[in-house]
Amino acid sequence: MNELLSIGNLLYGGAAGLIVIGLFAVVARRHLIRVLLGVAVIEAGVNLMLVAAGFRPGAAAPIFDPQAISGPMVDPIPQALVLTAIVIGVAVLALGLTLAIRIHRQYGTLDTVALTRIVNAPAGSPESRAMMQRGGGGHES
Amino acid sequence: MMVWVVAILVSLMLIGAFLVVAIPDLLGAVAASTAVSLALSVLFVVLRAPDVAMAEAAVGAGLAGVLFALALRKTESRRTRDEEAS
Amino acid sequence: MRQFASLLFLFGFAFFLSVLVGGLPFGAAPMQVGQAIVEQNIEATGAANAVTGVLLAFRGMDTLGELTILFVAATAAGMVVERRKHGVSRDSVAGFILLAGAELMFPFLLILGAYVILHGHLTPGGGFQGGAILAAAFFVPFLANPGRAFQGHAMAFVEAFAGATFILLGIFSIFREGDFMAPMFLGTGEFGQLVSAGSLPLLYLALGLKVGAELGSLVAEIAAAPGSDDPLIEEPQAAKDL
Amino acid sequence: MNPEILIALPLLAAFLLPAARRIDASVGIWWGPLVVLANLVIAAMAWWKVQLIGPQSIALGGFAAPLGIELRADHLGLSAAVLLNLAVLLLWPRETPDKARVSTILLVLTGAGCGLAMSADLFNLYVFFELVAVATYGLAAANGKGEALIASLRYLILGALGSALALLGIALVYAKTGTLNLTELGGMSEALSGPAGIGALVLMVVGFGVKAELFPLNNWVPEVYAHTESRVSALMAGIISKLGILVLLRLIAEVFGGSPGLEFLLWVGVLGVVTGELAAYGAKDMRRVLAYSSIGQMGLVAVALALGGETGFIAALILMLNHLLVKPALFLIADAWPGSLKALAGKGRARPLGAVLFVLLALSLIGVPPLPGFWGKYLLLDAIFTNVTEGAGLLVGLILAATVVEAAYFFRIAARLFGSGEAAEESKIPGLPAVAALFVIAFLALSVQTGRVGDYLKEVVHGLQPQELRMAQSDFPDPAASVNGKGERL
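Protein sequence lines, in the order shown, are assigned to chains A, B, C and D.
For the first sequence, the residue numbers in the numbering used here are 1 to 141.
For the second sequence, the residue numbers in the numbering used here are 1 to 86.
For the third sequence, the residue numbers in the numbering used here are 1 to 242.
For the fourth sequence, the residue numbers in the numbering used here are 1 to 490.
Worth flagging that the hints you see were computed from the coordinates, not collected in a lab.
Just so you know, not all the hints are guaranteed correct.
Said to hold, decoys possible - Per the computed footprint, the stretches of chain A lying under chain D, defined by three or more beta-carbons under 8 Å from a beta-carbon of chain D, are:
1) 30-42
2) 86-96
3) 99-108
Cβ coordinates follow ideal geometry from the N, Cα and C atoms, glycine included.
In isolation and in its complexed conformation, chain A is listed as follows (with noise of 0.2 Å):
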């Protein structure tokens, strides 16, 4: 029981590891693709979170043996929800790398104060010149 215990500290620690760590990437590092990498970390830890609260300790995965006695499962909805998560993640993740690729090629840089110093620079400023020249303008169309 004891050893049951721990491995629950363990894991729900872990997960909130993660997302602490994560959250520190998001709100202290001004590199974008830093940024959505710690998104991604906040992300595993709840995945982690989820899975630890479906496991039974001797049970067997949630799948069938014909040929094996059947005893106690692990919970199989958390585990259906955690697929579900990790695949809506990486879409999340996939567009706003895209988005980073195209704010870089147009501005050049993806720090997130330097953006903000831009766009929030009057039009005519060093700021908004080199930005012009950068990116041809963007695409303004």
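Start from chain A and add chains B, C and D according to the hints.
Same frame as chain A, now just chains B, C and D:
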């Protein structure tokens, strides 16, 4: 027994996550995030979730890693000059 | 200052999380619904893999939604990237060995993906995992030789057909069973056989093709996007609309 | 007609569109609006059926509720579905370089929004919420301008963070109770009364609040609304933000009624009102004023939701309905006056009709008596005085002060519009765009018929079966009956 397996995997994962945040080289950070996903997928096997483990290995470690690496090559920003701690 | 504030926030959040997690049961999952599903799964769906039963039968709508998220993310990514003419890539073509290896891997990955998809109701694996392998089958040769075209007409039709099949099977079941997305109108079949578990293998096939196509096109969109120093080649609007 | 079709039809059309436009390129233009029109008709029919025979529960796939996913064809869900279809149809974007892909995204948005409005399963809500979110990220970037792309990526990061937190909340609920069905969760309030339950509510408020423009994660709002096409801003501020609130409304009415976590929602709302109105006062261009004012209004809705009870929910619904009609019209009218507020001087006299209606709509947002916005704020204050025991004065004071700020910046705009300035130059945009006129007509109808609409909203709230109402009225059907048996279908 299982406690040790879990402990090793969880600490691998946390070290990987720390590296994702801390390595100055972004490509290294992507590699670290792949390592997190791999440790996680082994952990899913330990937790009797083979389906999830397969998906995490294929999508989380493989595909997401490829996507990040491609994006880094496109933005040519392996060294994050912009990202000095302020 | 900013770093300090975010560290403070993170300590607060870590404390919040530890309080939440501390009260959770572990190893004694309250399988309110899970137990019922484990018990009824074979009878209700005929699938040995209970996760497949949950994904495609009990919670089919989640899977449809998730499929659509992939689709809309790929669509939005296609809208965002600028187009580059085929064959004018500055990305270097890989060496002979990698090229040959990629070509060799293609049929192998295709078969592996198909196997994983079609056995999803019997063994671990299924539409998502197999779809990711299918996507790899298509984008590995593409990565080795970035100049070649990725998405042709055939691909678009496979994609549309696979997605539509998933929904049409659901609508079809309204007429057979009276319920949207009831997967059992083909009968559960003989347990453990490849052709069993109602329409689940069909659904998984549609799902796998769709997931493979969408993941593949997401990678392709990113791989084909012009990098920061590539010259921008604007295609005429009509060509982009097509 | 099964209400499931409301979800299936737009998604099917969206899947087929990329292939169909390879056969005929013009498909990309007419396909989307046509399908949404058909969906609107189906939604209206389903809504009318609910009027006739009352709310229904649908077991998706034929698996009864706790095993499978339950959809609610009730007043709230189908009203929202009708309004969503209508709004998407009216506010179909025009200035987009890639019409076919935008059509696809809007079709997905329509289907997902209908699903979100009807779903009664926690994880299914999350999936539809995420689907709506991804569609909006695409929509925010649709015009391809650099600023819009940056705004969209920031929105995506905040949205992904919020979704992960909401999923964490769902994981906590599942770990504690072992079920995801809202009706079943409603009967387990003691399992959710501990720290895990409260924390789950807090996480879900933060997560779902991203789309609802609620306080902690709403700094995407001004950037996105300032740089997208005005129709897209109108669509997002008008109806998509309401979908986020709808999720919270269902959660609170059915599961978390009376939870201590609602205190958090209350303060999220108050902070949203205060920061939103102050930022709107400080904003220098029209789009940002409207965007920040939207944050303030959604904060009011959150306060009303947190107070709960019949009065609170009706106040939330009236405030939402008022904002749903007023804000899109304001965005469309303000299209004629882009850029800095300073440039507004005297512009109102060039387009008197638009300017007068702008002021009228703004008066309703402020809450001037005969207009619907007044009734929303009146009921909100009523709910505060009946439900809040201590600190009611402080709460009322904050809300009234925010209203004064709101009035100040709208009057400043009005004064500029009708004040003296250079003769207004000619512009291609008419004073009152046709679509804005439709919203104004609907708004006027709401103003005249506030009483009847209020009666209908009362019915909507009763259809939600919140716990306190369930206890108060013994003639309500036992919720447990609809869980165990297979729900009746239309």
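Cross-check of the supplied hints:
no.	hint	verdict
1	30-42	holds (count 5)
2	86-96	holds (count 7)
3	99-108	holds (count 6)
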